[in-house]
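Asker: Given the sequences, and given the hints that come with them, work out the whole structure.
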Amino acid sequence: MPYFDDVSVGDDLPDLKKQATTVQLVQYAGASNDYNQIHYDAEVAARAGHKSVIIHGALKNAWLAQLVTDWIGTTGTLAKISVAYRGIDYPNDTITCKGKVTGKRTEDGRNLVDCDIWLENGEGKTTTPGTAIVALPTR
Amino acid sequence: MPEESVITDEMRAAIGVESEPGVWPIERGAIEKFANAIGDSSILYTDELAARQTHAGGIIAPPTFLRLLSPGTQTATYKMPYREVLDGGSEYEYFAPIREGDTITSTVQLVEVFEKPGRLGLMLFRINENRYVNQFGELVATQRTTSINYPDQE
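First to last, the protein sequences are chains H and D. Position in the first sequence counted from 1, then plus 1, gives you this note's numbering. Position in the second sequence counted from 1, then plus 670, gives you this note's numbering.
Hint data in this document are derived by calculation from the structure and do not stem from the laboratory. Note that the structure is a prediction, hence the values are computed from the model and not measured. A few of these clues could be false.
[Claimed, not checked] Here are the simulated DSSO-like cross-link-like pairs (lysine-lysine), alpha carbons at most 27 Å apart as the crow flies:
#, chain 1, residue 1, chain 2, residue 2
1, D, Lys703, H, Lys81
2, H, Lys81, H, Lys99
3, H, Lys99, D, Lys703
[Said to hold, decoys possible] Example chain H residues on the side facing chain D (calculated, C-beta under 7 Å, incomplete):
#, residue
4, Val8
5, Asn34
6, Gly58
7, Ala63
8, Ala66
9, Thr75
10, Ala80
11, Lys81
12, Ser83
13, Val84
14, Tyr86
Each residue gets a CB set at the ideal place from its N, CA and C atoms; glycine is no exception.
Answerer: Right under this line is the structure:
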């Protein structure tokens, strides 16, 4: 688990790999109470012009949050996470969540680290960029 | 392609009007189900004894669990000019953890409306802010969402 003292601008967050099956999309629909059929009904997805059902934007947001909380562990806290849905992602594709430290500052006694975070599809294209701010402990 | 503004007085009047509250007891089962669905096995969401040893002090909800806690009805309504809508993104800000056993009151309000020309015509952006308050009256988190509406494509 990282301490504020040891983090430097340019550090990479450990990658987080995900691959959603259609069963997981149904599971997420139930757990998040989001029953938009575009996430589990192939006909509805096709009518909207997609090659298959699509991954919930909010699930990608959850994965990017996990990228950050996996990195900070149980000693840091997530203060802010912002994501933009720029591209569609599909089940069974290999998704990689990535992050990089872009800044460090102390504000109101809190030691804050700024990160760029993003989600890449199997072709290495960024579909979901974002930013996060975490508060870390000092040694 | 319509290039005239579709922002109405009705829409402007809705800015800053808070919805009815949604009131949500936070249950361990729902937290566990959500953590499983996103594939996050952190002890903070499922293991009470281990979570107690951390600064969280017990089981807490994953950051995007808030999505489950819908606000009540929006009282200030307005007609939408377009049917087509895209989810543009989300910005969560956290001030305190949400714990198992909390009762969270969730409200939403429209905070900003603007237009931008784009590939699909003049696109309408609506920023809504959700606010989450716990049983102690403490604001635990906010979420700003961006909805993008655009003209029907012929």
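Asker: Given the hint that D/Lys703 pairs with H/Lys81, test it: the Cα-Cα distance must not exceed 27 Å.
Answerer: holds (23 Å)
Asker: Would you settle whether the hint for H/Ser83 is holds or violated, based on the nearest Cβ-Cβ distance to chain D being less than 7 Å?
Answerer: holds (4 Å)
Asker: Hint H/Ala80 vs chain D: min CB-CB distance below 7 Å?
Answerer: holds (6 Å)
Asker: A closest beta-carbon separation below 7 Å is what the hint needs, so does H/Lys81 meet it against chain D?
Answerer: For H/Lys81, the interface hint holds, since the closest Cβ of chain D sits about 5 Å away, which is under 7 Å.
Asker: Given H/Val84 as an interface hint, is its Cβ closer than 7 Å to any Cβ of chain D?
Answerer: At about 5 Å, which falls below the 7 Å cut-off, the nearest Cβ of chain D leaves the hint on H/Val84 intact, so it holds.
Asker: Just to be careful: measuring from the Cβ of H/Asn34 to every Cβ in chain D, is the smallest value less than 7 Å?
Answerer: Hint holds; H/Asn34 Cβ to chain D Cβ min 6 Å, cut 7 Å.
Asker: Against chain D, is H/Val8 within 7 Å by beta-carbon distance?
Answerer: Violated. Min distance 18 Å.
Asker: Per the CB criterion, is H/Gly58 less than 7 Å away from chain D?
Answerer: Given a least distance of 5 Å, the restraint on H/Gly58 holds.
Asker: Any CB of chain D closer than 7 Å to the CB of H/Tyr86?
Answerer: holds (5 Å)
Asker: Mind checking the CB of H/Ala63 against every CB in chain D and telling me if the closest is under 7 Å?
Answerer: Nearest chain D Cβ about 4 Å off; hint holds.
Asker: Against chain D, with CB atoms and a cut of 7 Å, does the hint on H/Ala66 hold up?
Answerer: Holds - the Cβ of H/Ala66 comes within 7 Å of chain D, reaching about 4 Å at its closest.
Asker: Taken at face value, is the distance from the CA of D/Lys703 to the CA of H/Lys99 at most 27 Å?
Answerer: holds (25 Å)
Hint compliance for this structure: hint 4 alone is broken.
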